[in-house]
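J.: Here are the chains, one letter per residue:
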Amino acid sequence: MNRRKFLKNAVLFVSAAGVFRHLLKDAAAKPTAGGYDPANHLYGMGIDIDKCIGCGLCIEACKKENNVPKEPFFCRTWVERYVIKRDGSVTVESIEAQKGKPRADEPDILRSFFVPKLCNQCANPPCVQVCPVGATFATEDGVVLVDSKRCIGCRYCIQACPYGARYLHPETRTADKCTFCYHRIVKGLLPACVEVCPTQARIFGDLKSMASRLVRFTRVNKIHVLKPHLNTEPKVYYADMDGEVR
Amino acid sequence: MRGMLRKIPEQIRRLSIVIAIIIVGVVTARYVILPSSLTDRRFHRESTAQREVAKNIVFAGATICGNCHGDQAGKKKDGFHKNVSCETCHGPAQAHIENPSTKPTAARGRDFCVFCHAYDPSRPTGFPQINPVLHNPIKACITCHNPHDPVPRETPRECSACHAQIASIKTVSPHALIGCTSCHSVPVKHKVTPRSVRPTKPETREFCGKCHGKESDRKDAPKIDLASHGERFLCWECHYPHRPERM
Numbered sequence: 001m002n003r004r005k006f007l008k009n010a011v012l013f014v015s016a017a018g019v020f021r022h023l024l025k026d027a028a029a030k031p032t033a034g035g036y037d038p039a040n041h042l043y044g045m046g047i048d049i050d051k052c053i054g055c056g057l058c059i060e061a062c063k064k065e066n067n068v069p070k071e072p073f074f075c076r077t078w079v080e081r082y083v084i085k086r087d088g089s090v091t092v093e094s095i096e097a098q099k100g101k102p103r104a105d106e107p108d109i110l111r112s113f114f115v116p117k118l119c120n121q122c123a124n125p126p127c128v129q130v131c132p133v134g135a136t137f138a139t140e141d142g143v144v145l146v147d148s149k150r151c152i153g154c155r156y157c158i159q160a161c162p163y164g165a166r167y168l169h170p171e172t173r174t175a176d177k178c179t180f181c182y183h184r185i186v187k188g189l190l191p192a193c194v195e196v197c198p199t200q201a202r203i204f205g206d207l208k209s210m211a212s213r214l215v216r217f218t219r220v221n222k223i224h225v226l227k228p229h230l231n232t233e234p235k236v237y238y239a240d241m242d243g244e245v246r
Numbered sequence: 247m248r249g250m251l252r253k254i255p256e257q258i259r260r261l262s263i264v265i266a267i268i269i270v271g272v273v274t275a276r277y278v279i280l281p282s283s284l285t286d287r288r289f290h291r292e293s294t295a296q297r298e299v300a301k302n303i304v305f306a307g308a309t310i311c312g313n314c315h316g317d318q319a320g321k322k323k324d325g326f327h328k329n330v331s332c333e334t335c336h337g338p339a340q341a342h343i344e345n346p347s348t349k350p351t352a353a354r355g356r357d358f359c360v361f362c363h364a365y366d367p368s369r370p371t372g373f374p375q376i377n378p379v380l381h382n383p384i385k386a387c388i389t390c391h392n393p394h395d396p397v398p399r400e401t402p403r404e405c406s407a408c409h410a411q412i413a414s415i416k417t418v419s420p421h422a423l424i425g426c427t428s429c430h431s432v433p434v435k436h437k438v439t440p441r442s443v444r445p446t447k448p449e450t451r452e453f454c455g456k457c458h459g460k461e462s463d464r465k466d467a468p469k470i471d472l473a474s475h476g477e478r479f480l481c482w483e484c485h486y487p488h489r490p491e492r493m
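Taken in order, these protein sequences are the chains called A and B. Going left to right, the first sequence walks through residues 1 to 246 as the numbering used here numbers them. Going left to right, the second sequence walks through residues 247 to 493 as the numbering used here numbers them.
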């Protein structure tokens, strides 16, 4: 290659890169289809612990809606049963294995209740910080998503989540988690677990809206979040939460 | 300075010039020539969100069922199950909406209702619960209860509606057949403002003595001599009237 040819090619390459850059900029500016603008929304969920009856229908609905494996080990949402005995001991169990079986009245129970759990969609998510390939991220409307095409299945995020909300999907071998049923909420539907909850223990809504069920819920109840000392700023709000709930 | 440079071998000096050129070339390529949008994360994030949005909807939502099944929806909207979505019991229905010949499920046996209504000490008090072993075994729930408008088969009697714990303990006691109003007189206003207007309670030993005194003609009641039994204490300081100990 002589000097003239090299200079010619260099000029061509630089100008072609400029055109390419311009094209990409145009593509990035394109709004998402369907007239939905994520900038106008910020989603969250409220949990009314006193209303949860531990029926487990939310877990089942979530599995049907999101193709979560049937085994109790895998779940995007789950319900914990807390039993606090008179001697102060606390037992926590996932209700899935016990589903539908009647329970005896245990005489030494001091108090007992159910706590539904799911991804807290943290505003400051530890799972996003640790992902080595940038596969997980928070969307503008406040939902933490996993890019299953980028995820390398290293399980680092599963370890990092302080709420244990993630699992490795056995078929795709990538991390999977609650998305607030992102495909439903952008179309104005409720997440599947909220849809089927028979006692309205789960309240879903838009925090940016002046009047949404969730905003009203956070206004009229005493609200607590899980593990506030970790500064993850969860967007799942619990009403009437017992001090033993972790 | 110059002497120091001279001390560095010729080949090292030349090599470092080449390395410097390579570093400068890479840095310009990365930050000047390469468009910043090529390294922008927005693209893969947006495509992830779009892939997420494109997923199939399985549950159709609570409002759409009433469009065709108006009679059931109308029945349901005033009952205790008014906040229970159709799909809670009938399962996901989006496939049924797209093609009405695929039917959603309908729970008819005894095994579905108990998910919510079987007794569990962790359930909130006041939530209707039954013991599936004792509560009309074998019979399907829907033979007595209409799931679209469930009502308790028997309306609770006046006092036990609120004082269920007392009522249930009294049924297994020797006082089972004595009505609440034999001992308590209940002002009508107690039903409106239960805490400020309270029913009366017996105040004297002689009240219990009407049945349990030596002079009483009730044959089935254990008798005591009011004058010598219990000294200065009132009867209910030792005996619980809703479940007195058997003799």
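Where hints are given, some of them may not hold.
As a list, the in silico BS3-like pairs of lysine-lysine whose alpha-carbon atoms are at most 30 Å apart [to be verified]:
(1) B:Lys447 with B:Lys469
(2) A:Lys51 with A:Lys227
(3) B:Lys447 with A:Lys51
(4) A:Lys63 with B:Lys437
(5) A:Lys8 with A:Lys70
(6) B:Lys385 with A:Lys222
(7) A:Lys51 with B:Lys385
(8) B:Lys435 with A:Lys63
(9) A:Lys187 with B:Lys349
(10) A:Lys187 with B:Lys301
(11) A:Lys51 with B:Lys469
(12) B:Lys323 with B:Lys437
(13) A:Lys51 with A:Lys149
(14) A:Lys117 with B:Lys469
(15) B:Lys385 with B:Lys323
(16) A:Lys51 with B:Lys465
(17) A:Lys64 with B:Lys435
(18) B:Lys349 with A:Lys70
(19) B:Lys321 with A:Lys64
(20) A:Lys5 with A:Lys70
(21) B:Lys323 with A:Lys187
(22) A:Lys117 with B:Lys385
(23) B:Lys349 with B:Lys328
(24) A:Lys63 with B:Lys447
(25) B:Lys323 with A:Lys63
(26) B:Lys447 with B:Lys435
(27) A:Lys64 with B:Lys469
(28) B:Lys328 with A:Lys64
(29) A:Lys187 with B:Lys321
(30) B:Lys349 with B:Lys301
(31) A:Lys208 with B:Lys437
(32) A:Lys149 with A:Lys5
(33) A:Lys208 with B:Lys328
(34) A:Lys187 with B:Lys437
(35) B:Lys349 with A:Lys149
(36) B:Lys460 with A:Lys51
(37) A:Lys208 with A:Lys222
(38) B:Lys437 with A:Lys70
It is worth saying that the hints were derived from the structure and are not from the lab.
J.: Now, for every hint given, state plainly whether the structure supports it.
T.: Here is how each hint holds up against the structure:
1. B:Lys447 with B:Lys469: Status holds; Cα separation ~22 Å.
2. A:Lys51 with A:Lys227: Distance ~22 Å between Lys51 (chain A) and Lys227 (chain A) Cα, so the pair holds.
3. B:Lys447 with A:Lys51: At roughly 35 Å apart (the allowed maximum being 30 Å), Lys51 (chain A) and Lys447 (chain B) break the hint.
4. A:Lys63 with B:Lys437: Distance ~46 Å between Lys63 (chain A) and Lys437 (chain B) Cα, so the pair is violated.
5. A:Lys8 with A:Lys70: Violated, because 62 Å separates the two Cα atoms, which is more than 30 Å.
6. B:Lys385 with A:Lys222: At roughly 43 Å apart (the allowed maximum being 30 Å), Lys222 (chain A) and Lys385 (chain B) break the hint.
7. A:Lys51 with B:Lys385: holds, 28 Å
8. B:Lys435 with A:Lys63: Distance ~51 Å between Lys435 (chain B) and Lys63 (chain A) Cα, so the pair is violated.
9. A:Lys187 with B:Lys349: Holds. Lys187 (chain A) to Lys349 (chain B) sits at ~24 Å (cutoff 30 Å).
10. A:Lys187 with B:Lys301: holds, 12 Å
11. A:Lys51 with B:Lys469: The given pair, whose Cα atoms are some 49 Å apart, is violated under the 30 Å limit.
12. B:Lys323 with B:Lys437: Holds. Lys323 (chain B) to Lys437 (chain B) sits at ~27 Å (cutoff 30 Å).
13. A:Lys51 with A:Lys149: violated, 39 Å
14. A:Lys117 with B:Lys469: Since the Cα atoms of Lys117 (chain A) and Lys469 (chain B) sit roughly 59 Å apart, the hinted pair is violated (cutoff 30 Å).
15. B:Lys385 with B:Lys323: Holds. Lys385 (chain B) to Lys323 (chain B) sits at ~26 Å (cutoff 30 Å).
16. A:Lys51 with B:Lys465: Measuring from Cα to Cα gives roughly 50 Å; hence the hint is violated.
17. A:Lys64 with B:Lys435: Outside the cut-off at roughly 51 Å; violated.
18. B:Lys349 with A:Lys70: Cα-Cα ~22 Å, so holds.
19. B:Lys321 with A:Lys64: With a Cα-Cα distance of about 28 Å, the restraint between Lys321 (chain B) and Lys64 (chain A) holds, given a limit of 30 Å.
20. A:Lys5 with A:Lys70: violated, 63 Å
21. B:Lys323 with A:Lys187: With a Cα-Cα distance of about 25 Å, the restraint between Lys323 (chain B) and Lys187 (chain A) holds, given a limit of 30 Å.
22. A:Lys117 with B:Lys385: Not satisfied, since the Cα-Cα distance of roughly 35 Å exceeds 30 Å.
23. B:Lys349 with B:Lys328: Distance ~22 Å between Lys349 (chain B) and Lys328 (chain B) Cα, so the pair holds.
24. A:Lys63 with B:Lys447: violated, 55 Å
25. B:Lys323 with A:Lys63: The given pair, whose Cα atoms are some 28 Å apart, holds under the 30 Å limit.
26. B:Lys447 with B:Lys435: Given that 30 Å is the threshold and the Cα spacing comes to 16 Å, the pair holds.
27. A:Lys64 with B:Lys469: violated, 67 Å
28. B:Lys328 with A:Lys64: holds, 24 Å
29. A:Lys187 with B:Lys321: holds, 28 Å
30. B:Lys349 with B:Lys301: Distance of about 22 Å is within 30 Å: holds.
31. A:Lys208 with B:Lys437: violated, 43 Å
32. A:Lys149 with A:Lys5: With a Cα-Cα distance of about 41 Å, the restraint between Lys149 (chain A) and Lys5 (chain A) is violated, given a limit of 30 Å.
33. A:Lys208 with B:Lys328: holds, 28 Å
34. A:Lys187 with B:Lys437: It is violated: about 47 Å lies between the C-alpha atoms, which goes past 30 Å.
35. B:Lys349 with A:Lys149: This hinted pair is violated, its Cα atoms lying about 35 Å apart.
36. B:Lys460 with A:Lys51: Given that 30 Å is the threshold and the Cα spacing comes to 53 Å, the pair is violated.
37. A:Lys208 with A:Lys222: holds, 20 Å
38. B:Lys437 with A:Lys70: violated, 49 Å
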